[in-house]
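Order-wise, the sequence lines are chains A and B. Numbering-wise, the first sequence is residues 49 to 350 according to the numbering used here. Numbering-wise, the second sequence is residues 49 to 350 according to the numbering used here.
Keep in mind that the hints were calculated from the coordinates and are not lab data. Do not take every clue at face value.
Copies of the same chain are indistinguishable here, so a pair counts whether it falls within one copy or spans any two.
To be verified - Each computed PhoX-like pair below joins lysine-lysine, with the alpha-carbon atoms no more than 25 angstroms apart:
no.	residue 1	residue 2
1	LYS93	LYS345
2	LYS293	LYS200
3	LYS150	LYS293
4	LYS291	LYS150
It should be emphasised that the depicted structure is a prediction, and the values quoted were computed from it without experimental measurement.
Protein chains: 2
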Amino acid sequence: MDLTILGCHSATPRNDSHTTSQLLEIKNHLFLIDCGEGTQMQLRKARVKFFRIQHIFISHLHGDHFYGLIGLISTFRLLGRENDLHVYGPTGIKELITLQLKYANSWTNYKLFFHELSAQVSECVFEDENVRVTTLPLDHRVYTNGFLFEEKPGPRRINKSAIAGLELPVAALKGLKKGQDYVTEAGEVIPNHQLTLDPIKPKRYAFCSDTAYYEPLVPFIEGVDILYHEATFLAQHEALAAKTKHSTAQQAASIAQQAKVETLILGHFSTRYNNDQLFQKEAQPIFENTLIAEAGKTYHFR
Amino acid sequence: MDLTILGCHSATPRNDSHTTSQLLEIKNHLFLIDCGEGTQMQLRKARVKFFRIQHIFISHLHGDHFYGLIGLISTFRLLGRENDLHVYGPTGIKELITLQLKYANSWTNYKLFFHELSAQVSECVFEDENVRVTTLPLDHRVYTNGFLFEEKPGPRRINKSAIAGLELPVAALKGLKKGQDYVTEAGEVIPNHQLTLDPIKPKRYAFCSDTAYYEPLVPFIEGVDILYHEATFLAQHEALAAKTKHSTAQQAASIAQQAKVETLILGHFSTRYNNDQLFQKEAQPIFENTLIAEAGKTYHFR
Chain A
49 MDLTILGCHS
59 ATPRNDSHTT
69 SQLLEIKNHL
79 FLIDCGEGTQ
89 MQLRKARVKF
99 FRIQHIFISH
109 LHGDHFYGLI
119 GLISTFRLLG
129 RENDLHVYGP
139 TGIKELITLQ
149 LKYANSWTNY
159 KLFFHELSAQ
169 VSECVFEDEN
179 VRVTTLPLDH
189 RVYTNGFLFE
199 EKPGPRRINK
209 SAIAGLELPV
219 AALKGLKKGQ
229 DYVTEAGEVI
239 PNHQLTLDPI
249 KPKRYAFCSD
259 TAYYEPLVPF
269 IEGVDILYHE
279 ATFLAQHEAL
289 AAKTKHSTAQ
299 QAASIAQQAK
309 VETLILGHFS
319 TRYNNDQLFQ
329 KEAQPIFENT
339 LIAEAGKTYH
349 FR
Chain B
49 MDLTILGCHS
59 ATPRNDSHTT
69 SQLLEIKNHL
79 FLIDCGEGTQ
89 MQLRKARVKF
99 FRIQHIFISH
109 LHGDHFYGLI
119 GLISTFRLLG
129 RENDLHVYGP
139 TGIKELITLQ
149 LKYANSWTNY
159 KLFFHELSAQ
169 VSECVFEDEN
179 VRVTTLPLDH
189 RVYTNGFLFE
199 EKPGPRRINK
209 SAIAGLELPV
219 AALKGLKKGQ
229 DYVTEAGEVI
239 PNHQLTLDPI
249 KPKRYAFCSD
259 TAYYEPLVPF
269 IEGVDILYHE
279 ATFLAQHEAL
289 AAKTKHSTAQ
299 QAASIAQQAK
309 VETLILGHFS
319 TRYNNDQLFQ
329 KEAQPIFENT
339 LIAEAGKTYH
349 FR
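Let the sequences and hints guide you as you build the complete structure.
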């Protein structure tokens, strides 16, 4: 599971700071999360194969989170895309995109599915045998969801040193991976746990932007491997954060600390500050394992 | 009169090629022509003072000519703009922009005026004492206008060596600039042309993109100082140009030659070719004074 930050600044895109967009590689899926203006250029910089993106999750309908979506959808068409594309976002996103396609008289030649969201409670929006994605309702000026991306547990792992010399048939190996005990030809039962190791711990990633300080979020993100939480402002602008329904670095750190997450990544920085390290400095006294998002950087889940 | 190219490639923005946008500085106006995705970043690169832009002209509603408009309008708001903004473009542009502002719940705090165009014949869309802007209907897959930007003639210029020794009063100088004759105290009439020079020749700029080869355009752009004409394709793709209602470099050169313009600038290059100089090479045998548009470059009208 790898997370690549394409943009992590708020409000207006500049040449040295890009608005929100991220790529999450999880169990062979390449999920795009938010899509600010210029995201397609950032995807090219990151040398991403465009057609691998089949699911796009949009948190809310503020421009710095989705103005790049119509351009990306158009580019997919121009590049001859054939595979389906699914877009998950607030109600209205279908009308916004289709109206632009209508006036351009340029319908996509691939299937474009909109999954419009309006629930005020967490709901599952995508699920297959390996992955589940659920919404995380946030507290912002317009209807906004974060997203929780979870791997499902994989098979039990064969303990190679434990099975050495047993000469197990393939069917038995498959059974062991599913958690079954092994029965020898002589009828002896060897319990599963003697021959296998626990599955690799499934990874969980929570994307939470944009939001005010919002404690009801905590139980939904407890213990996640990585929490990306917006930190638009420093403590000196706490009142402004409250007024605009954004968070400070300290508030993001407090959420991370209460939810006992492994790692906190801060992002959505206001461009009024010229040193992103200040966010880390304010957060670390509250939550030590705090990182600063950086456009172009990939974070590997351990 | 200065023309700055912000982007001059077609279809999809890349890191090294930007979609259509231009800035025309004319008689203290700063006109923005088209606004592909990422135009606001290109404006920052060019160190343009954003609030000087009060008029934006959109040729047509294909994404590579206007997907950057909503972002620019939003950024103006975030930067605290107070002065009016006028947008000229095809019918539909108001609905497209206001729908996005509505879902973002982010109305502008400056006055935003839409001038929607639907005429099939050339019409004046902006005029003041110094400048006139008229549409140039083009032949493309959707309703499209080019734009003709014309300076109005300035005052006659005082011929300093001719008036030496005459000790003219201020009122007489004003009259001479307006074309009046000068009457001495003794009643002698000195004809205006003996004391003045012709006004500086007014400059004219024609922006023509996107369009198929379209001869009816010729009389409207006759003798302009600079013609910017799209040249999406090279001659080898002439059939594709016809099918998609674009032009080849040779076709653009032919229009320039028939209209007897001073200078032709080619742009809107397809990114399928990796050498923009090929467009110049194909055009020059037909129209010698052909230049190649280059993002970030400013062309001065002589």
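Hints versus structure:
Taking identical chains as interchangeable, the C-alpha atoms of LYS93 and LYS345 lie at most 25 angstroms apart whether they share a chain (11 angstroms) or sit on different chains (24 angstroms). In this homomeric assembly, LYS293 and LYS200 never come within 25 angstroms of each other (Cα to Cα): the closest approach is 33 angstroms inside a single copy and 51 angstroms across copies. In this assembly of identical chains, the alpha carbons of LYS150 and LYS293 lie at most 25 angstroms apart only when taken from different copies (18 angstroms versus 34 angstroms within one copy). Taking the closest pair of Cα atoms, LYS291 and LYS150 come within 25 angstroms of each other only across two copies (20 angstroms); inside a single copy the shortest separation is 37 angstroms, beyond that limit.
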